[in-house]
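Engineer: So the protein sequences, as listed, match chains A and B. Sequential numbering of the first sequence, starting at 1, is according to UniProt numbering. Sequential numbering of the second sequence, starting at 1, is according to UniProt numbering.
Keep in mind that the hints were calculated from the coordinates and are not lab data. Just so it is clear, CB atoms sit at the ideal spot from N, CA and C, and this is done for glycine as well. Keep in mind that the hints are not guaranteed to be accurate.
Partial pick of chain B residues on the chain A-facing surface, computed with a CB cut under 8 Å [said to hold, decoys possible]:
#, residue
1, ARG10
2, PHE27
3, GLN94
4, GLY102
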Amino acid sequence: MAEITLRVSRYQPETDTAPTFQEYAVPLREDWAILDALNYIKDELDPTLSYRWSCRMGICGSCGMTVNGEPKLSCGTFLVDHAPGPILVEPLRNFPVIRDLVIEMTDFMHKLGAVQPWIIRDETEDDPSSELLQTPSQLDDYKQYSMCINCMLCYSACPVYGLDSAFIGPAAIALAQRYNLDSRDEGAAERLDVLSDDEGVWGCTFVGECTRACPKGVDPAGAIQRAKLVAANEAMKAFLLPKWAR
Amino acid sequence: MTELRQRLYRQRVSLFWWLSKPTYLLFVVRELTSVAVVWFVVYLLLLVRAVGAGPESYQDFLDWSARPWMVAVNAVALALAVFHTVTWFLVTPQAMVLKVRGRRIPGAALAGALYAMWFLVSAVILWLL
Ligand code: SF4
Ligand code: FES
Chain A
1 MAEITLRVSR YQPETDTAPT FQEYAVPLRE DWAILDALNY IKDELDPTLS
51 YRWSCRMGIC GSCGMTVNGE PKLSCGTFLV DHAPGPILVE PLRNFPVIRD
101 LVIEMTDFMH KLGAVQPWII RDETEDDPSS ELLQTPSQLD DYKQYSMCIN
151 CMLCYSACPV YGLDSAFIGP AAIALAQRYN LDSRDEGAAE RLDVLSDDEG
201 VWGCTFVGEC TRACPKGVDP AGAIQRAKLV AANEAMKAFL LPKWAR
Chain B
1 MTELRQRLYR QRVSLFWWLS KPTYLLFVVR ELTSVAVVWF VVYLLLLVRA
51 VGAGPESYQD FLDWSARPWM VAVNAVALAL AVFHTVTWFL VTPQAMVLKV
101 RGRRIPGAAL AGALYAMWFL VSAVILWLL
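In isolation and in its complexed conformation, chain B is listed as follows (with noise of 0.2 Å):
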């Protein structure tokens, strides 16, 4: 036996696996856009210590924010974001089973409620702002 695993040929995983199919690319895209959520975060936790910092502070924030190359990277960002949102959405179903009256809800209206909900949270913050 011991002989027998010596002479087996071990495949390797090359170092680029993620290039050779599209549906790997599409999944370390995915994976990577998250460090624009991250992003966000951390921008809302320097706008929430800007505002408890008084309104001068708060000011310099709204200056700082408006600088083009700010613009810029909130703006991808944020596309980089609703890419996420979207492709979580578009697995969402296969990970979640609900079940009413023993019958399984269908995935196309699984990921509506979430858009739904998405759009329903943000007109609320705009009606807010």
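Extracted from the complex, chain A is given alone in its bound form (with noise of 0.2 Å):
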């Protein structure tokens, strides 16, 4: 069978001072993946290849990679498409490496926590036995960013989050305009501290390449730079109209 080269990203922390690269040749099969690949690496080759997969059908968001320079899904990347290779997979960029392709996210993960992704509603108005009913253009507003699977292919495509990883990123704000978005929601208020201060939808400049990267079709910039309307829309009132008005 054709064989293809993989150039992997190897950073072992207790010998490493910096990242190296080392190749496998592996089957070149129409099906496989470069997950496929990086199993059969493991498996077969080297067991010491370090890697995070769990779903490897584009669920779970956590195979995040970068494949020949691109952040991409190594779940939903096939290696006939990048064939005669070599193929270079590296860590996800803008990231600090922990081992070989694994990144450290909690940075992230804090600033997930912060634009609290879920619904708030004062309930006690609320009926326990009926249900919040909402129309299909209703749901239209915001599905769209519901498809977010956290994969953070965004923020390795992102210079400004490269530049400067204060800036709280394209799938929190996509996220908070997710339940800001929704008909059932009553937190966009609180969401608003978070996303109108600098590092939040203001450190955006509109690059776009994080709505170019995502594999789930979550258009992330287009959530920003609504984010930004609705904040300059909010701090003009503010600035403008008695408390009372607003």
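Could you fit the two chains together into a complex? Lean on the hints.
Structural biologist: Next comes the structure, spelled out in structure tokens:
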């Protein structure tokens, strides 16, 4: 069977000060994604290789890597599309590397929590026996943003985040919008404090690369610009109108 | 935990990150062309000042504007400003979501409306001249 070479970034914190590349030849099977090739390497060639994965079907968001310079889900990127190779496999950019292809994501987890990505609502008036109904049009308002799988490819693609990791970043803002635009949610004002911060939506310069990188069609860049509009509107209102009229 | 943190390898963004992808380069060029927009604002302010200072200074301003290098500067600035406008119109539908009777207006229609407005305003100004 034909083979293809993977040049995989290796970093062993016990011995290395910087990553190096190691080459592996794997069978070029038509139905193999990069992740299948990595599993083959781990099982057959080199058990010391470390990387993250779980669902192998574009749902869990844990297998993000840099493939030939682009942020990709390794379970959804096929060997044949990069033949004849060699294929460069590196950890996601813009994150510290723990080992080989495994990155440190605590920063993203904090940012995700900061935007309170859940429905905030005063339920005292709600009738517990009835559902909160939504029209298809209301569902449409946020559905796209709800497709996010927290894979962080957008952070890896974003030069603003790469240069200043304090920026809250694309997915966190898209998820804030996911709840802000939900007709059942009442938490937009609470989230606005985080979003209208300097490190919030205003950090974004609309490079748009997050949207191109997103494997789920979330369009975080669009979400950020819409959030900017809301933040600017609220700031104008706070400036111009007396408290009771806002 | 601290021990682990110290051993993390920190990836750095190269100074030339904007050359690493065509889309990054397009973004940087779009941002730089805003200088042309600033130039036209300055030019307009100079014109207003010249008009305010009387017919003589207005004539001076016209003479100054007719010099070959000024014509060249303005031609280049116009090209850059057009590029700036077009690239912004390209991304506007992403930032603006308008709904009519529960349906989202398609991006192409929105961009079309922007172009129509642009040409309308330009036509009105040309007619005024
Ligand atoms: S917005 Fe897209 S690229 Fe970013 S984390 Fe969510 S799914 Fe991944
Ligand atoms: S393994 Fe779950 S998204 Fe790739």
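Engineer: Compare the structure with each hint and give your call.
Structural biologist: The hints, checked one at a time:
1. This hint holds: ARG10 (chain B) has a C-beta 5 Å from the nearest C-beta of chain A, less than the 8 Å allowed.
2. Annotation: interface hint on PHE27 (chain B) holds; nearest CB of chain A at approximately 5 Å, less than 8 Å.
3. Against a cut-off of 8 Å between C-beta atoms, the interface hint on GLN94 (chain B) holds, since the closest Cβ of chain A lies about 4 Å away.
4. With a cut of 8 Å, the hint placing GLY102 (chain B) at the interface with chain A holds, because the nearest CB-to-CB distance is about 4 Å.
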